[in-house]
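Peer 1: Here's the letter readout for the chains.
Protein chains: 2
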Amino acid sequence: MIEKRKPIEVTEAVNRVMTYARELTYEIVPIEESDGRVLAEDIYASHPIPSFDKSPYDGFAFKAADTNYASQDAPVSFEVVEHIPAGTIGKKTLKKGEAVRIMTGAPLPKGADCVAMFEICQTYQENEKEYMSIKRTINALDNVNRKGSETLEGTHLVEKGTYIHPGVKAVLATFGHATVCVAKKPLIGLFTTGTELLDVSDDLVPGKIRNSNGHMIASQINRAGGEVRMLGTLADDFEASYKAIQEALNEVDMLITTGGVSVGDYDLMPDIYDKLEAEQLFNKVAMRPGSVTTVAVKGNQLLFGLSGNPSACYVGFELFVRPVIQKAMFSKQPYPPKSKAYLTTDFPKPNPFTRFVRSRVVAKDGQIWIEPAGIDKSAVVTSLIETNAFMMLPGGTRGFKKGDKVEVIFLDTYQGQTEPWTT
Amino acid sequence: MIEKRKPIEVTEAVNRVMTYARELTYEIVPIEESDGRVLAEDIYASHPIPSFDKSPYDGFAFKAADTNYASQDAPVSFEVVEHIPAGTIGKKTLKKGEAVRIMTGAPLPKGADCVAMFEICQTYQENEKEYMSIKRTINALDNVNRKGSETLEGTHLVEKGTYIHPGVKAVLATFGHATVCVAKKPLIGLFTTGTELLDVSDDLVPGKIRNSNGHMIASQINRAGGEVRMLGTLADDFEASYKAIQEALNEVDMLITTGGVSVGDYDLMPDIYDKLEAEQLFNKVAMRPGSVTTVAVKGNQLLFGLSGNPSACYVGFELFVRPVIQKAMFSKQPYPPKSKAYLTTDFPKPNPFTRFVRSRVVAKDGQIWIEPAGIDKSAVVTSLIETNAFMMLPGGTRGFKKGDKVEVIFLDTYQGQTEPWTT
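Taken in sequence, the protein lines are chains A and B.
The end of the first sequence is residue 424 by the numbering used here, with every number in the run present.
The end of the second sequence is residue 424 by the numbering used here, with every number in the run present.
Isolated chain A, as found in the complex (with noise of 0.2 Å):
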């Protein structure tokens, strides 16, 4: 009566599905709505950088050479020819003995070869004229920021599939990118199933619990990038289930189901792959939780069917859904990194299959610490509030003591890595 599955290893599970991700396309925003979206485009230094021989300091500008016979005892004076501000261009060529007042950032003027800060210069006029006395040598190129010296024109900065933080912004800025091609946010459906499952908004009723999935889910598509597209929960009923899947596919990227992919007497997802003709990648993965997770694709699109019980969902989405949407959006490391933390606990539990075991790391003292965030059961929902990466204990593993070293998959983070993890 009971259908038997053939569970597959997670790495190759999660290879399947990769075989048909796909980059999608991109838009053009403003560089004002660019912050946490993605590049689609490489950025190249379109000029230099600096673009002009500047000064990083306020003081005077002068040819070095005046200064080479200067000492405490014998100051070499200066007539101070003219005052540049930052974002002015000197209009005099400096000859010997001639310097000019110039401001951080400011252009050195022609003839002018270094600047001394105004600390160490001393000022006076005379007859009406502006001089500054110097009690030191100065070098050529002393102070001068010279031109192209962070970054020659043409230099490759930023990688198309990079996530757009502060940090490349104010490059983007800095090329006169106002406008910014970023990769489109795929679009994801997004359907809960369960007769048990109630609105947010409802109270309890005996038997019943509230749709916590479905916002969770939406909240995991946004931290991965995605865009969803929430519709609703499906009753128990195959046809009314059938055409809205079948429809949502007509508007979406890809589509998440949560619940009924089990083998339970109400879960309809695989009659519901079948009858769309999809084909179903995977039914069953040797893993905990979330062994139900089942991947169906038709044509060019993904069909994910998440688990129910909201730690496999959670578990289910990080692993399968987020490394697609990552490579959607042209990422070249579209897989969650993985690195290893040793154990703040002990962990007993033996682990006949790869267990993916909602964690918390730390940093301290140079090491990185993880510890289980909560009850370590599918069903639980509560230790998702402190987890923020994965421990990954292989299968066959008989429990392991308090600092052992274990595997991690980090989960906030926009960085990911460019060969997927094998378990």
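FYI, nobody ran anything at the bench for these hints, they're computed from the structure.
Please read these numbers as outputs of a predicted model, since none were measured by experiment.
Please note: incorrect hints may appear among the correct ones.
What the hints assert, rightly or not - Counterexamples of contact, computed for chain B against chain A with all Cβ distances above 12 Å:
no.: 1; residue: 195
no.: 2; residue: 276
no.: 3; residue: 336
no.: 4; residue: 355
To be verified - DSS-like, lysine-lysine: derived pairs with alpha carbons at most 30 Å apart:
no.: 5; chain 1: A; residue 1: 365; chain 2: B; residue 2: 402
no.: 6; chain 1: A; residue 1: 365; chain 2: B; residue 2: 130
no.: 7; chain 1: B; residue 1: 136; chain 2: A; residue 2: 350
no.: 8; chain 1: B; residue 1: 285; chain 2: A; residue 2: 350
no.: 9; chain 1: A; residue 1: 378; chain 2: B; residue 2: 64
no.: 10; chain 1: B; residue 1: 339; chain 2: A; residue 2: 406
no.: 11; chain 1: A; residue 1: 402; chain 2: B; residue 2: 339
no.: 12; chain 1: A; residue 1: 7; chain 2: B; residue 2: 136
no.: 13; chain 1: B; residue 1: 378; chain 2: A; residue 2: 148
no.: 14; chain 1: A; residue 1: 339; chain 2: B; residue 2: 341
no.: 15; chain 1: B; residue 1: 64; chain 2: A; residue 2: 339
no.: 16; chain 1: A; residue 1: 403; chain 2: B; residue 2: 406
no.: 17; chain 1: B; residue 1: 378; chain 2: A; residue 2: 111
no.: 18; chain 1: B; residue 1: 5; chain 2: A; residue 2: 136
no.: 19; chain 1: A; residue 1: 402; chain 2: B; residue 2: 341
no.: 20; chain 1: A; residue 1: 97; chain 2: A; residue 2: 130
no.: 21; chain 1: A; residue 1: 403; chain 2: B; residue 2: 130
no.: 22; chain 1: B; residue 1: 339; chain 2: A; residue 2: 341
no.: 23; chain 1: A; residue 1: 5; chain 2: B; residue 2: 365
no.: 24; chain 1: A; residue 1: 403; chain 2: B; residue 2: 341
no.: 25; chain 1: A; residue 1: 136; chain 2: B; residue 2: 285
no.: 26; chain 1: B; residue 1: 402; chain 2: A; residue 2: 406
no.: 27; chain 1: A; residue 1: 378; chain 2: B; residue 2: 136
no.: 28; chain 1: A; residue 1: 333; chain 2: B; residue 2: 365
no.: 29; chain 1: B; residue 1: 406; chain 2: A; residue 2: 341
no.: 30; chain 1: A; residue 1: 5; chain 2: B; residue 2: 136
no.: 31; chain 1: B; residue 1: 406; chain 2: A; residue 2: 402
no.: 32; chain 1: A; residue 1: 365; chain 2: B; residue 2: 5
The beta-carbon is built from N, C-alpha and C at its ideal position, and this holds for glycine as well.
On the provided structure of chain A, position chain B as indicated by the hints.
Peer 2: Below, chain B alone, put in the same frame as chain A:
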């Protein structure tokens, strides 16, 4: 001629600013719009989770005692008297020898005290009645998610001041928060100053640069959770600048200016603070970059005078403005989190002053490693592309070697720490 300023330690500067940091107000948003916002209320469990004894599997529920003598050779049979899908309350009270077919998440019927998964049950029909037999002993409470086993009613789950990520949102949905009380984003006015600044959309002209600080700081404000009001660029005109700043103060919670705080001829901010009768908390900090960072307070409004140099401006924001934004949004961990990391490379530069080096941290085999993100000069913008942390090097040190442990301040995180760090 040159004003002598007395530098104060970074920690002292942060402390002075935080004396004036205050919690602001809240607003109510639909849960759908709560991602990335900050809770302005504590969240308690308004009911236990689960709120009823429920089945964690698809299977059969019955009285465990009925299987006391079950074995491979002596299966025990049950009459299946009802089907209970998730979300439905069973109508019958089970008697000895009776079972219900029950789905994952459905409430246990009266009289049942355990569940057996489908996989170990044999079903059959006889006389048009439905039966199930089982060949092993099941204990009372086996495979039952007990009411309150995850969370008891009244448990304090999430603290006011917590960032709303997918896990928090799942909890909000679970407890029926269709609307969420979140911290109102502090409104932060932003002026850039400097005649050398071109708009991002302008063509580059000799001696000028495009305004990158404005867009960078706007992005940092967004990342920190604030709301920016971009007020444009102030020309080097005292009266016009004074008036613009005075008017802006009527419209924002706090004000940032970039540039104009040094001792150059066109650095108008110190005099503007004076004319505003704003108290300067400090005008020089013993740090690099950003030593000219100036903070003033007028009434209960903070005025941040950040450096006009991109990297110095970036650092000043993260050290002085971000904690104020966090505090405004009720965070109990307003300070950027500090920890330690290992240097990937020699850093031979001696540090007469406390130095904040724009850096990149990476996780490597359980350890945190850090490397400078590019050229370590205050005017440099491109090093910010890779920056996700500051390396904090104490003043008076002579440089560091590859493998040395140094202090690190993390930037790309919504997490913080309760206590201010010391340099």
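Peer 1: Next, verify each hint and record whether it holds.
Peer 2: Results for each hint:
1. 195: violated, 6 Å
2. 276: Nearest chain A Cβ is 21 Å from residue 276 of chain B, so the label holds.
3. 336: Nearest chain A Cβ is 14 Å from residue 336 of chain B, so the label holds.
4. 355: Non-interface label stands for residue 355 of chain B: nearest chain A Cβ at 20 Å, farther than 12 Å.
5. A:365 with B:402: Given pair residue 365 of chain A, residue 402 of chain B holds - Cα atoms ~21 Å apart, limit 30 Å.
6. A:365 with B:130: violated, 63 Å
7. B:136 with A:350: At roughly 27 Å apart (the allowed maximum being 30 Å), residue 350 of chain A and residue 136 of chain B satisfy the hint.
8. B:285 with A:350: violated, 56 Å
9. A:378 with B:64: holds, 24 Å
10. B:339 with A:406: Given pair residue 339 of chain B, residue 406 of chain A holds - Cα atoms ~23 Å apart, limit 30 Å.
11. A:402 with B:339: It holds: about 27 Å lies between the C-alpha atoms, which stays within 30 Å.
12. A:7 with B:136: holds, 25 Å
13. B:378 with A:148: Judged against 30 Å, a Cα distance of about 15 Å means the pair holds.
14. A:339 with B:341: holds, 20 Å
15. B:64 with A:339: violated, 46 Å
16. A:403 with B:406: Holds, at roughly 24 Å.
17. B:378 with A:111: holds, 25 Å
18. B:5 with A:136: holds, 20 Å
19. A:402 with B:341: With Cα atoms ~24 Å apart, residue 402 of chain A and residue 341 of chain B stay inside 30 Å; holds.
20. A:97 with A:130: holds, 17 Å
21. A:403 with B:130: violated, 54 Å
22. B:339 with A:341: Since the Cα atoms of residue 339 of chain B and residue 341 of chain A sit roughly 20 Å apart, the hinted pair holds (cutoff 30 Å).
23. A:5 with B:365: violated, 41 Å
24. A:403 with B:341: This hinted pair holds, its Cα atoms lying about 21 Å apart.
25. A:136 with B:285: With Cα atoms ~27 Å apart, residue 136 of chain A and residue 285 of chain B stay inside 30 Å; holds.
26. B:402 with A:406: Since the Cα atoms of residue 402 of chain B and residue 406 of chain A sit roughly 27 Å apart, the hinted pair holds (cutoff 30 Å).
27. A:378 with B:136: holds, 27 Å
28. A:333 with B:365: holds, 20 Å
29. B:406 with A:341: holds, 19 Å
30. A:5 with B:136: holds, 20 Å
31. B:406 with A:402: holds, 27 Å
32. A:365 with B:5: violated, 41 Å
In terms of the numbered hints stated before, the structure departs from hints 1, 6, 8, 15, 21, 23 and 32, listed from lowest to highest.
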